[in-house]
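Undergrad: Listed in order, the protein sequences are those of chains A and B. Per my numbering, the very first residue in the first sequence carries number 603; after that it's consecutive. Per my numbering, the very first residue in the second sequence carries number 603; after that it's consecutive.
None of the hints are false.
Identical copies look the same in the list; a pair holds intra-copy or inter-copy alike.
Calculated lysine to aspartate or glutamate pairs in the DMTMM-like style (CA-CA distance at most 25 Å, straight line):
#1 LYS671 to GLU785
#2 LYS787 to ASP667
#3 LYS671 to ASP786
#4 LYS793 to ASP667
#5 LYS717 to GLU748
#6 LYS915 to ASP652
#7 LYS671 to GLU812
#8 LYS872 to GLU818
#9 LYS868 to ASP732
#10 LYS750 to ASP789
#11 LYS847 to GLU818
#12 LYS800 to ASP667
#13 LYS676 to ASP786
#14 LYS677 to ASP667
#15 LYS800 to GLU748
No lab work stands behind these hints, which were simulated from the structure alone. Quick caveat, the model's predicted, so the values are computed rather than measured.
Protein chains: 2
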Amino acid sequence: MKIAIDAMGGDYAPLEIVKGIEIARDRYQNIEFQLYGTENEVKPLVNNWDRIELIATTEVIAMGDEPVKAMRRKKDSSMVRAAMAVKEGQADALFSAGNTGALLSSAIFLIGRIKGVDRPALASAMPSFDGQHDQFVFMDLGANAENKPSHLYQYGILGSFYATHVLGITAPRVRLLNNGAEEDKGDEVHKIAHQLMKNSPSFNFLGNIEARELLEGTADVVVADGFSGNAALKATEGTALMMLKQIKQAILDSGVGGKLGGALLKPAFKQVQKKLDYNEAGGAVILGVKAPVVKTHGSAKAAAVANTMGQIKTMLDNQLVPDIQNYISAHTEELQSGKQVLNAQLND
Amino acid sequence: MKIAIDAMGGDYAPLEIVKGIEIARDRYQNIEFQLYGTENEVKPLVNNWDRIELIATTEVIAMGDEPVKAMRRKKDSSMVRAAMAVKEGQADALFSAGNTGALLSSAIFLIGRIKGVDRPALASAMPSFDGQHDQFVFMDLGANAENKPSHLYQYGILGSFYATHVLGITAPRVRLLNNGAEEDKGDEVHKIAHQLMKNSPSFNFLGNIEARELLEGTADVVVADGFSGNAALKATEGTALMMLKQIKQAILDSGVGGKLGGALLKPAFKQVQKKLDYNEAGGAVILGVKAPVVKTHGSAKAAAVANTMGQIKTMLDNQLVPDIQNYISAHTEELQSGKQVLNAQLND
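So that you can see chain A by itself, here it is in the shape it has in the complex (with noise of 0.2 Å):
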């Protein structure tokens, strides 16, 4: 298998995706690397060059660019390079560090959606404390700022493939974010993807989650709109990070009973982070195109970007994305009559 891979995109590129990839070469037998990036910038970085390749690349999409506009315009910019070469059928996935919503739009409009597939979105692993399961998938993260009923339906189906092909999680227990348990609570948009899904012979749909529970590890997939989606990360990722901070600061506080007790319980909170670390689990997923696509976070280094090369791997092995690819295909008539259902009743 070939990964193209996006050299420039990230806080640290070239340099820690250099080594990443470097790593991850070393720990994968059959992947082969193709390295997108300026030549002067990514050649010296390169100890061993054992199936790792460099095409060579003149523009570069920085984390500020307008996404759309970028990946239009900057042909021959690292990211918009690796993609073609996906949708060319040169390389099976796309990585990158870089500009989120640059990759989406390449992702979306170089490589392509898979047919039946309105609207892919940004999915993520995330660490079930609770629950059966370490992890649950968590979408749509925000590809879309608006999500229509059947859009949601269809990321029940997209995250149970992920939970099995990716996380191991046999018939992945799906549920919908909404601000109840009742299934008449939200808005139109929600109380129709929950009839829809109620009633899907596609997925194992348990009802609606609050976005509470979201770490308890009662869902094998949290299906979330775009919008109300990435607000419930943000305040979890900003609310874990200020919950660490604030106990470290009242352990400095607390004067020398407290400086020793903050000594003795440093594995304890190392333990704590290394669950929530994002680095550990790989990176976010657009899922709904014809081919992986993967995203690290901006400040990922190598350790991080050789975890994704596993993740990567896994998806191609699992052959997620053709099996996607059959099951929607052999399902137009259901994915069309969820709409039918849903015209219905915006129409009433």
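Model the placement of chain B on the given structure of chain A, informed by the hints.
TA: Coordinates of chain B only, in the frame set by chain A:
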């Protein structure tokens, strides 16, 4: 001043409600309390009837009751009778620890909206850990499942009044919860709301805020639509509790040194928990109705009930509702022109 108390609402009603009211009666000199509740349950609980009156009611709205139906049908319930007392001028404010939806319905349909406020909202003071102030106002927390841009604009006004009058913050910094910092972020509702708020002469708008920064103290008023505000609030609460739990568990798991550390750290944990504790901060307020209406957590005990009476006293002492009423009636034109801008944009 007179406060109408729903003595039957909440997990520990009427016992903890009555205990809390007696604490508040001893703490605050000029308040008279009207207890609405089942006579044979409430009467035996009161030790001292000074400034406490019992108004016997025969029905109770349960936590699981359908809100609007319960409010309409249970006309002799403690909650509805207390709301009617406020409506008829026999009391100045309404308190309940009961069914939130029914309290919202009672506030909006019985006590009534302030003229010019389209959609009252649920607001709460939340902890700011890093900023100039200890707390900020967060609204709408779920009174509405859907909001228009003009509602969000009005929340900027309502939230600013709450911040000045109750939290004592001058020129409060208002931000809009959105999925990015730039003004073109979000769905249509948030894009238009941003434009309306940006040009507001009524409050000090500092742009968008992402949910990641909620607790960082960069805003004194965070305005959200009810759906994503609810999601962000619950994600914050759930994550904070989960982090405390995980760190405690990690301490226990880490053996003797860790256990010792845990004992040393108890005061530090308590300090953080106290900051997060809703019982300290008082209840959630329904802003935009003609009297102070305050809801504490269903699990509130006497101390929380007493603190909430202090919060209501501050709202009454500082003329929160009359000042909002006067401001809005003097600025009808501004609110109207905001709506016109909005309509023009939505019709584009």
